[in-house]
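So the chains spell out like this:
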Amino acid sequence: MAINASQAMAATLTGATARMETPVAPRFKAGDRVRMRNLNPPSHTRLPRYIKGKVGVIERDHGVFVYPDTHAAHQGEKPQHVYVVRFASTELWGPQGSANDELLVDVWDDYMDAAP
Amino acid sequence: MNGVHDLGGMHGLGPIVIEKDEPVFHHEWERRVFGMFLPVFATGAFNIDEFRHAIERMGPEYLQTSYYEHWLAAFETLLEEKGMISAEEFSARRARIAEEAR
Amino acid sequence: MSANHNRPLSEVEIRVKALESLLVEKGLVDPAAVDALIDNYEHKVGPRNGARVVARAWVDPAYRERLLADGTRAIAELGYSGIQGEDMVVVANTPDTHNVIVCTLCSCYPWPTLGLPPVWFKSAPYRSRVVSDPRGVLKEFGLAVPAEKRVRVWDSTAELRYMVLPERPPGTEALSEDELAALVTRDSMIGVAEVKGVTA
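Residue numbers (this note's numbering), protein chains in the order written: chain B, 1 to 116; chain X, 117 to 218; chain Y, 219 to 418.
None of these hints come from the bench; they were simulated from the model. One should not assume that every hint holds.
Unchecked claim - In the PhoX-like style, the derived pairs of lysine-lysine whose C-alpha atoms are separated by at most 20 Å in a straight line are: (1) 367(Y) / 136(X); (2) 414(Y) / 357(Y); (3) 414(Y) / 367(Y); (4) 357(Y) / 367(Y); (5) 29(B) / 54(B); (6) 367(Y) / 340(Y); (7) 136(X) / 244(Y); (8) 136(X) / 414(Y); (9) 244(Y) / 198(X).
Predicted, not measured: the structure shown is a model, and the values here were computed from it.
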């Protein structure tokens, strides 16, 4: 049944968070060095090409969210932590990067490995 | 997917074009596409991740079309894939509308 | 308001009309809901919301702290919440750091505080270049960031939505909260501009 105008307006205020209450242990914590996995699925992912295989540092843990890679394929929500990963500009862009600058990208647990 | 939408770091995509005091919508059809977003999601036909993936599946056309054209393409693709509107229904309705507008 | 019926409809217009009429006929979409949503985001929700958040943070240090610790909750204190802003992160510009926001993969943007994004934010040139040449991009927007200052580019790849808390310009000590809010531009909350003070 179609939502009516007042239901639509109510929905704009409640929104549809992807955050999940499921308690899931984080694999990483702020300060950990991490390397992005070289994943190249033909299906949906939110791991951008420009950070694949690169090394960064966990800046912050946002908490537990739906995992889009499985969710888009109707394979479940697979709740897991999403972190801000901080990359040096030169790590991503080599000599064309800027010494002072940083990229901060939101990354799911399943996109990374520890980089001791 | 390693799609054309994955733009971070690419070169050669042209200058940043800024329209001063840009309106929220440039065309009436953009308004309708935007306004359909939430009601269509509310039907439960697909989730936001499927929606984004449908846009990513546009291929090179993605770079030649505007933002709300991306949404339109995703709605059409997904509603057809989910069996909610058939290709025949789309083409028949478009033909009728085009005829009536003549 | 409605299309000029004296010219033929474009292909896109035909597709949109076809889509909406089929959805309505099948009882899947109520056009009144579509109308209400258009009106809300065209006329009611916009960067004036975010400007109020910024002005509050400027005048109230405890609010600023809450805003930076839990953006969603602090923004909701001022009455802004909901779709495409369910999980908010606010990042503060400081004398040593300038922040700028992008969504390289699509066009994620914090609707409750900033409204709908401008075309340039959603387009390929900005999305591709701001991550690899933020200083060059900022210069195109008229903002030169000193070499000693650090630029941080935040790519909203997940469902967190980001906005920048710009620095309060000097010489604004005497302004009221409303007057401060009036200075805050959308571009300063994306991070492609700074807030300009009042010239004497």
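How the hints compare with the structure:
no., hint, in the structure
1, 367(Y) / 136(X), "violated, 28 Å"
2, 414(Y) / 357(Y), "holds, 16 Å"
3, 414(Y) / 367(Y), "holds, 18 Å"
4, 357(Y) / 367(Y), "holds, 14 Å"
5, 29(B) / 54(B), "holds, 18 Å"
6, 367(Y) / 340(Y), "violated, 27 Å"
7, 136(X) / 244(Y), "violated, 40 Å"
8, 136(X) / 414(Y), "holds, 18 Å"
9, 244(Y) / 198(X), "holds, 14 Å"
Checked against the numbered hints listed earlier, the structure breaks hints 1, 6 and 7; every other hint is satisfied.
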